[in-house]
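K.L.:
Two independent chains are provided; combine them into the complex using the hints.
Residue numbers (my numbering), protein chains in the order written: chain A, 18 to 344; chain B, 28 to 278.
Heads up, none of these hints are tricks.
Okay, derived cross-link-like pairs now, DMTMM-like style, lysine to aspartate or glutamate, Cα gap no bigger than 20 Å in a straight line: (1) K193(B) with E224(B); (2) K76(B) with D226(A); (3) K212(B) with E201(B); (4) K148(B) with E161(B); (5) K76(B) with D100(B); (6) K193(B) with D226(A).
Calculated directly from the structure, the hints in this document are not laboratory data.
Chain residues, written in single-letter form:
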Amino acid sequence: MTRENYINAGLTFLLVLVPFWAWSTGQAYILTLCTKVAILALAGVGLNIALGLGGLVSFGHAAFFGIGGYAMGILASHAQTFDPIMEWPILIEGTKSMPVIWLVAMITSALAALLIGALSLRTSGVYFIMITLAFGQMLYYFTIGWPAYGGEDGLSIYVRNSFPGLNTLVPVQFLILSYVILGLALLFSARLSRAPFGLALTAARQNADRVETVGIAPYRLRLVAFVISGAITGLAGALFADLNRFISPTMFSWHTSGEIMIFVILGGVGRLYGPVAGAALFILLEHLLGGVSDYWKIFLGALLLAVVLFARGGLIGTLAGREVAHD
Amino acid sequence: MTEPLLQTRGITKSFGALKASDAISLDLRPGEIHALIGPNGAGKSTLIKQIAGNMQPDSGTVHFLGQDVTALDTVARARLGLGRTFQISALAMEFTVLQNAVLGALGARGGVMRFFRPVMKDRALLDRATEALERVGLQDHAATRTAELSHGQRRQLEVAVALTLKPRAFLMDEPMAGLGAGGSKRLTGFLDGLRAEAPILLVEHDMDAVFALADRISVLVYGQVIATGTAAEIRANPDVRRAYLGEEDAA
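So that you can see chain B by itself, here it is in the shape it has in the complex (with noise of 0.2 Å):
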């Protein structure tokens, strides 16, 4: 079995009596989708904060490329390969399209404290901007006010963000969130070219995408990891059909 790009080992987040996460250990491999699914409440975006470094764990180590990460801040993860999108669009919505983009390019190359040179004539930065627009299919609007585009168009520019970064590995928040089906069609024809570039941690609620896409599956109910899995032993699985898709479905 080949090591696992990114790992938590026992993440443990109480708030108050609430335990968000209680003992999670995932892993994602290289070249792989990993899904992780639960019911609203399950404390999905805990634990993605607790990945991503927003939030410190009560307890249990985050590991990323073989190294322990937990007390790095999401600057520092960052900067070692991590690329997310959020939930909600996390963009500078005053810019245009590609100045969003040259942002990302911008933080992988370095360079911020630099006063003098336009940073939208460096040739370097604007070719690895366009490239990442071109592949989510967002070119022709490069030079659009991020403001006026369309709830899906802002999802491909956060994905195409997380590119301009070539990250190690994707953690992906819902990219599918509030997409139509045409959109997030072609958004899971793109994630599944993806995998092979850098793994994705993929928090969905779209299920035809998850089981369509997923190598893997983590169900996360109450704070718990219940099970993992491909998507035929998830779907097989009595404790899921409970929890999670529904009673009347396992009846």
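Just chain A, same shape as in the assembly (with noise of 0.2 Å):
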């Protein structure tokens, strides 16, 4: 075993450890930061595939994370007030069941993924990141004054949806069924590294010409990376949304693009665990930080500076030195 992958096991048993600590002494709001950090982790492993593995800066990831979380909550809101999505030509009704609007979250930013990817990855560099942050701001003032669903204010569900055989209710219930989501998403996440299409995506990272010398295009798999990272941004979205159990536009805004990509590049980018430490690290500072200050962020803004410029790695990265080419 590579020492990332000690690191990697630490975190995964921290991670594990800090929420059965708070449970069996009855803190039932560590259970829920612990849930957070899992959900905001999930958006940040969906970013890693197009930053990290593809080099795609995108700074318009919150476009996928709203989506999943209005996903979520245009069913949730129709199956609250009976009121069906439309009648016609066929009738689809709300949903409150967790698995059905995962798939609709998955789906529709997936969708959304391979539009907007389709036309920013004709660009690249500084033209990429502001064509990727115009599509978000784009679903942000959509979003504003799109009344239907709260507008400025937001929609509220009442209740959390429902996963079968479960209590979502229950935050440790809520906690375990993030954790399995998230596990998932990185176990996907590695295999995908590892595979030839990961393979060849690093590559073209790396150098764009020599992959194409070898009769792969690019664009198609930089389309590809984008359209995996946005959909599992999306269910990230959709999982915010319910432990929330409210959305607003501020999903969509660039301050959530922004906030994603400070999860991986303070974890690490490109590394497995890059955005589950980093996600920990900002809720922690969140939590520790924000007691004493308002302006926690100032804080978080030097840490981030420093990560840039001494620590290229990120947290994973600083300790577990160069990364190791895997075979």
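P.N.:
Shown next as structure tokens:
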């Protein structure tokens, strides 16, 4: 096992230990924080596929996070008012079932990623960043001006959606659900990075000429990566909405895109556990420093600056050293 | 005469008033090494880019394996079997040597859109990659990070990756550039044997290598091919001596 594997295992252990302790001592708030870490980490796992493996600096992943959130909000709000989403030509009713909501969230955000990616991947560098940002902001202003689902005020869902066999309103049950999904996403991400697709995608990040010369089109690789990335971040959006039982246009704002990117950069770009470490650190700082000062993000900014300047591999990279080529 | 594998017909490319390629017609026949020489700024790189598919000619066509490929991009031409090496090594520097070779084997085999099976455990790809590394003598460096290779070893890896493609024709842009005398000599020996597998269009500055290897040589000056012939013919050609080998030699 490499050092990075040990660090990942240690992190996993901590992330299980903390909620176990909180559960056994009855601290529901800590459980909610841990759930939040898992869900935000999931959003980061999504972004990490585009950013870490593909080198695609997407500043618009809030679009997918928000679409996932609104997929949940729209389906659940119609279910709670017993008012079908549409009656003609086919009857579509709302639902409170998490698996259905997740599926819808992933499909809609994947489609959005296909569209946004197909257009923005024709550019690169700063232009790519700006175009993805523009798409995110477009959806942000759209939802602000969309009164059907709360407009600027957002929309509350009064009862958390259901999962067969679980009582999702019990914090520890929803936490386990979120952990399992994060675990599956990490497993998928790990396999993806070692699969033929991962090899070609990471090669395209390092040298697009090389990939073209062996007869593989970088554009297709990047587009597929962007779609997978968007779908995972969309799923995180649906879960995040369920955690808060609330959606609002903020989910689409560029702040959200920035935060997801901060998780990845703090933890380590392209590292499997980077987003997990980053999201955990972010929530920890928010929790610890947020109590000290309302301006805790100044410290976050300083930390981010330090990471970018002195620890390019993020938390994982600093602890584990240079990435070992895997075989 | 055998049918040429690769052919350019009247390729012209201008940048403003500068004609970088001026009605260039070249061909590459089975089993030969066709060297392209010319002074700096003669338009060799521009020509290579048009043959490889990075650049569209203003007029004229490129034919490969009897097919007009002028409208095809780099990826499509590579898939048809054009194995290119770059003047400045274009490799994935964070990868190991073996990973770079496996990438080539993967491109040749296809099936990139696979998301679960570890690519570095795929026997067929590994065999193909290892075989290519052995042929250029890099097998002992398979686990080395590409960024840690010496300049000469990177050149060898470039050739190895091209080999994994099992191409129908090679397009090599200064493979000897920056190699020491020993390395250059070894690569010359290697390319000598390679031509039987697939012909090579070789752009090279190393004159010893060119005259030792090439079946035919074309001389490019100011975007025009001023002569094509055997090494002896090129040596004797007065235009070439004047334009390329230096006036003093002609005197």
